[in-house]
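J.: Each chain, written out:
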Amino acid sequence: MKVKLHIWRQSKASTAQNFAQDGKMVVYELDNVSKDMSFLEMLDFLNDKLTREGELPVAFDHDCREGVCGSCGIVIDGIPHGPQRGTTTCQLHMRSFKDGAEIYLEPMRAKAFPVLKDLVVNRSAFDRVVQAGAFISVSTGAPKDANAILVAKDAAEKAFDAATCIGCGACVAACKNASAMLFVGAKVSHFLHLPQGQPERDRRARNLVTAMDKEGFGNCTNQNECEAVCPKEISVRVIAEMNREFVRAKLREEPPSHKRVGGDG
Amino acid sequence: MKLDARIPDGPIEGKWEKRRFDLKLVNPANKRKYKVLVVGSGLAGASAAASMAELGYQVECFCFQDSPRRAHSIAAQGGINAAKNYRNDGDSVWRLFYDTVKGGDFRAREANVYRLAQLSVNIIDQAVAQGVPFAREYSGLLDNRSFGGAQVSRTFYARGQTGQQLLLGAYSALSRQIGLGTVKMFPRTEMLDVVVIDGHAKGIVVRDLLTGEIRTHKGDAVVLATGGYGNVFYLSTNAKGCNVTATWRAYKRGAGFANPCYTQIHPTCIPVSGDHQSKLTLMSESLRNDGRVWVPLKKGEKRKPIDIPDSERDYYLERKYPSFGNLAPRDIASRAAMQVCDEGRGIGDTGLGVYLDFRDSIARLGKDAIAARYGNLFHMYARITAEDPYSQPMRIFPAVHYTMGGLWVDYDLQSTIPGLFVCGEANFSDHGSNRLGASALMQGLADGYFVLPYTIGGYLAGQKATAGIIEHPEFARVAAEVTAMTKKLLDIKGTRPVDDFHKALGKIMWSKCGMARTEAGLKDAIQQITKLRAEFWRDVKVLGSESTLNQSLEKAGRVADFLEFGELMCRDALERRESCGGHFREEWQELGEAKRDDENFRHSAVWEYAGPDKTPIRNTEQLEFENVHLAVRSYK
Ligand SMILES: Cc1cc2nc3c(=O)[nH]c(=O)nc-3n(C[C@H](O)[C@H](O)[C@H](O)COP(=O)(O)OP(=O)(O)OC[C@H]3O[C@@H](n4cnc5c(N)ncnc54)[C@H](O)[C@@H]3O)c2cc1C
Ligand code: FES
Chain Y
0 MKVKLHIWRQ SKASTAQNFA QDGKMVVYEL DNVSKDMSFL EMLDFLNDKL TREGELPVAF
60 DHDCREGVCG SCGIVIDGIP HGPQRGTTTC QLHMRSFKDG AEIYLEPMRA KAFPVLKDLV
120 VNRSAFDRVV QAGAFISVST GAPKDANAIL VAKDAAEKAF DAATCIGCGA CVAACKNASA
180 MLFVGAKVSH FLHLPQGQPE RDRRARNLVT AMDKEGFGNC TNQNECEAVC PKEISVRVIA
240 EMNREFVRAK LREEPPSHKR VGGDG
Chain C
0 MKLDARIPDG PIEGKWEKRR FDLKLVNPAN KRKYKVLVVG SGLAGASAAA SMAELGYQVE
60 CFCFQDSPRR AHSIAAQGGI NAAKNYRNDG DSVWRLFYDT VKGGDFRARE ANVYRLAQLS
120 VNIIDQAVAQ GVPFAREYSG LLDNRSFGGA QVSRTFYARG QTGQQLLLGA YSALSRQIGL
180 GTVKMFPRTE MLDVVVIDGH AKGIVVRDLL TGEIRTHKGD AVVLATGGYG NVFYLSTNAK
240 GCNVTATWRA YKRGAGFANP CYTQIHPTCI PVSGDHQSKL TLMSESLRND GRVWVPLKKG
300 EKRKPIDIPD SERDYYLERK YPSFGNLAPR DIASRAAMQV CDEGRGIGDT GLGVYLDFRD
360 SIARLGKDAI AARYGNLFHM YARITAEDPY SQPMRIFPAV HYTMGGLWVD YDLQSTIPGL
420 FVCGEANFSD HGSNRLGASA LMQGLADGYF VLPYTIGGYL AGQKATAGII EHPEFARVAA
480 EVTAMTKKLL DIKGTRPVDD FHKALGKIMW SKCGMARTEA GLKDAIQQIT KLRAEFWRDV
540 KVLGSESTLN QSLEKAGRVA DFLEFGELMC RDALERRESC GGHFREEWQE LGEAKRDDEN
600 FRHSAVWEYA GPDKTPIRNT EQLEFENVHL AVRSYK
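The listed protein sequences correspond, in order, to chains Y and C. Read in numbering that gives the first Met the number 0, the first sequence has 248 at position 249, and its numbers run on one by one without any break. Read in numbering that gives the first Met the number 0, the second sequence has 476 at position 477, and its numbers run on one by one without any break.
Heads up, some of the hints might be wrong.
Claimed, not checked - Pair ranges (Cβ atoms, derived):
no. : chain 1 : residue 1 : chain 2 : residue 2 : range
1   : Y       : 215       : C       : 626       : 41 to 47 Å
2   : C       : 482       : Y       : 25        : 50 to 56 Å
3   : Y       : 34        : C       : 472       : 54 to 60 Å
4   : C       : 522       : Y       : 34        : 37 to 43 Å
No lab work stands behind these hints, which were simulated from the structure alone. Even for Gly, the Cβ is constructed at its ideal location relative to N, Cα and C.
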């Protein structure tokens, strides 16, 4: 099959917010594309051709190519990861497109995700949010026998449904507010349903929300675009859970006067 | 090259305890004066970095992806073994030890394997405490499944995403330390060399993949947890970025490389669909719990699989290996698949495939039960092939999956360069010539959480702490070499893109050093690789500059290393004149099964770099089997 690709080309990392000046859309026509190719294999094919012709290949992130590492993520025809629901860019196949299709490829844009080059963006804000509290504070070697902690099957399933997030950033890219609530909610929900997660419940909710705001992610106005593009089909249920957790944590917050002053003496 | 495995004395059950007692300790207040550089953030690297930081060391951690969470461990599907005996089915540390030594076809070091089996139980405890959502029973207790090469159910799992969940556990522990400021994380950073000063590893040279800056990082010890080299075959189940660069460059600085020819070909992957193929997708071994493998009895069968009656199907694994059936170990199942294809009974357009059929288990347990166990794998299969595995059997074929070879390490996971430690798939330690399913996750985490944090202390206690503040001309010298190589790749300005060479190398490796190897084939491969390598350095085309994000340049460096490494692999395969585990030399077989030569080859081959264009030196570490008696491996 034949395709006409419109690809965002940008040679330098974005600095300003006004990304429109940083790069431009460039058109490439590609023939002899096989319908069995994955979308990224189609880009490999394009890059091979570009390299031979002396034009810089298109930069894009990818690694596992089986939908689990979260590296890939191209906005295809305006939708992060493209037209097929529950599918990462690397799992999308050319058979999803018609012969002769015109396809638009852009990076996952958001204030918190500056473009680095072509289709590659900086998603390190996600890592920093996690560092603020998406964990259980347990050190190596301390734990007791695993079966001493009982976890109801339903609870384990719910925790898993949230923990399946691959951190690709599609939820942010799809949201008109560039909100990271689905990503952060998934972290909250994962630990919320497990008995191991209880002791740090309040702290976690507070710290994650604070870190998220600090990174410049927007607010959630219930557009649900995030759920629609999530390749792991994580439900907006996690956002509701996070909101509840945050309110609960706020209510239970100790007043500042209880905090110790003057050191440990 | 001196190879002292430094195995503790005494009965095998007490060796690890004895070593832990004998190791010198670093006083808690002094730990922060030592800096450890951990290259890799997969299960092995993330767990090691987090655990060492918890102990108080200063840690720097590196990975080439944009986040430590994306290390290739994330893709592991099926599960992780542990000798918990929660099923009460007769499992024990001893049995896991025995299965692993036997599964590895008696080519691993007993003492290491025993320790691995001992530590397996702690890993599950650790992971559960971190909040890893393992599969549960209605009682709330942990669930288990079976994996190949074992007759007990000891595999813990989180749907088909066990690696993802375990890595996210280790990543959360790592993130906690990064947040606390005890680990400094360097993503999008590729290690390109090791700096050895007075015989000890004291630093690394890296390239910042965004700015292209070549930098040195200094420390008191270096840990390589950089994964396996399966991508030397171009097509494999590994992530695209997996490479041999870190370990290969350490080898060129004096670290022995052990058993490079031991590679694992996994029996159940989605078959190749065309020339454009960029990677192969694994269908987890766990599927063989409920799926039955078969091919038609008749050659050139044209009917659809559902139209072929049972009487005209050959469930060849069940027929040949009745006591293990569909759960025969990987090397054996892969060879059996190849044999039926060679007989002309392979399926699909290419004839290179066999069926993995869920018809009977769906009839027995219902579609929902199967979906609950393997839903994500079925989904992945449907995406790639556009076929529905619930209503027709999967088509599968063997593919390169894991590499048992790696840098040689002693009992303490230290390479032949003092101060350079290696863990996870990057080392050679525990799986001999064939790895059993669900054992790599176990090994990576045992190394990182429970072995290295102790043993590295034993080394550091004997070294003066520098906290990475060292001046030595060697740092600048090695950095200059790295810079020169980067420039050289860009300056060739040839005509062929990097992938062209990688694909060509992959074809040579797969046909001559893949499932079956011969003397003539390997010799031919070495010649072909030498030619291809010369061609690469003459004609590769890498566009762009060294001072920006340049993915072609990254790839070119990795492929340059694969082109050298592939030759060593063939050389190792050539010199190992026996068959064992995943290494099948056609000249050494008995009724189609691998024939070991214990008299001449009961050893690990450890290769020593002799300089550019010189033949490397083959050293050996003799293996003693005092606890599991050498026997012909039989799964019949
Ligand atoms: C598809 C698939 C499924 C699997 N399923 C299972 C399973 O069910 N059970 C099981 O036990 N095993 C399984 N395995 C095997 C197992 O996943 C791996 O062996 C294991 O995860 C390797 O972990 P690691 O930490 O050693 O390396 P990796 O996870 O590969 O991590 C390597 C790290 O090193 C970094 N790195 C590499 N080179 C450099 C460099 N030059 N500079 C800087 N950083 C570098 C990378 O960025 C990465 O962070 C599977 C493997 C595959 C491919
Ligand atoms: S490349 Fe890993 S999810 Fe797409």
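J.: Could you check the structure against the hints above and give me the numbers of any it violates, in ascending order?
T.: Of the numbered hints, 1, 2 do not hold.
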